[in-house]
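J.: With the hints as extra help, turn the sequences into a complete structure.
First to last, the sequence lines map onto chains P and X. Numbering-wise (our numbering), the first sequence opens with residue 1 and increments by one. Numbering-wise (our numbering), the second sequence opens with residue 1 and increments by one.
Only true hints are included.
Think about it this way: if two alpha-carbon atoms lie no more than 20 Å apart in a straight line, the pair counts; the simulated EDC-like pairs of lysine to aspartate or glutamate are:
1. Lys-127/X x Glu-13/P
2. Lys-50/P x Glu-158/X
3. Lys-50/P x Asp-31/P
4. Lys-155/X x Glu-64/P
5. Lys-155/X x Asp-63/P
6. Lys-155/X x Asp-138/X
Because the hints were derived from the structure by calculation, they are not lab data.
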Amino acid sequence: MKVRVRYFASLREALGADETVEMPEPSTVGDLRQLLLALGGRHAEVLARKRAVRTALNQTLCDEQAALIDGAEVAFFPPVTGG
Amino acid sequence: MPRVAIQTQDFDLTAEVAALRAGDGGVGAVATFTGTVRDRTGSGPGISAMELEHYPGMTESAIESMIDTAHQRFDIRAARVVHRVGVLQPLDQIVLVAVTSAHRGQAFQACEFLMDYLKTQAPFWKKETSAEGARWVDARVADDAALARWGVVAKNAE
Numbered sequence: 001m002k003v004r005v006r007y008f009a010s011l012r013e014a015l016g017a018d019e020t021v022e023m024p025e026p027s028t029v030g031d032l033r034q035l036l037l038a039l040g041g042r043h044a045e046v047l048a049r050k051r052a053v054r055t056a057l058n059q060t061l062c063d064e065q066a067a068l069i070d071g072a073e074v075a076f077f078p079p080v081t082g083g
Numbered sequence: 001m002p003r004v005a006i007q008t009q010d011f012d013l014t015a016e017v018a019a020l021r022a023g024d025g026g027v028g029a030v031a032t033f034t035g036t037v038r039d040r041t042g043s044g045p046g047i048s049a050m051e052l053e054h055y056p057g058m059t060e061s062a063i064e065s066m067i068d069t070a071h072q073r074f075d076i077r078a079a080r081v082v083h084r085v086g087v088l089q090p091l092d093q094i095v096l097v098a099v100t101s102a103h104r105g106q107a108f109q110a111c112e113f114l115m116d117y118l119k120t121q122a123p124f125w126k127k128e129t130s131a132e133g134a135r136w137v138d139a140r141v142a143d144d145a146a147l148a149r150w151g152v153v154a155k156n157a158e
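T.: Below, the structure is given as structure tokens:
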């Protein structure tokens, strides 16, 4: 299945525009993070497990156990700081 | 009137409140909170600009959902959230939360609840510019604790 990956704030600055990723079924948001980490380089740096990274699935905050579905939009971003 | 506005332009507190309570004779209390840009950090250098990024679509739906929750938890008449994005200057207004209710207690509480929720659950990110350059603002554990007072577990800053 294909999922659309989006980044915001410091992650967007490091990794750039959205990307589309092919994932095996079944997969979770955590599996996707692992696959992106394995790309190495900046992906490995900013998505490192020691980094605080928040995730959203189809524009709702989620944890890494959330199951991916075909066509999903998954976003990775730092802790939010609005208000 | 939409309950949520994400906009680059400034807002007018008086006009916002007038629109929120217009025609509603059941309103006996209006509570508002306005957040503004400081020109300094706690200890660091002076701030010359503040840029706000957000996640279009998710921002609006997240805040809509917060307002639904506020209506379930508190006896309020109406609520409105305005949040600015883009480049702001010190002293600019950033965010407005306005709540109407029959009596003050529920309006005060719902206003604070919405603000605590927004701080840790709405996808906005601040970037400060100072003489030392630009840096992304760190999330505060204190904001997670503020939401925890309402019985809502947040793990934003951690």
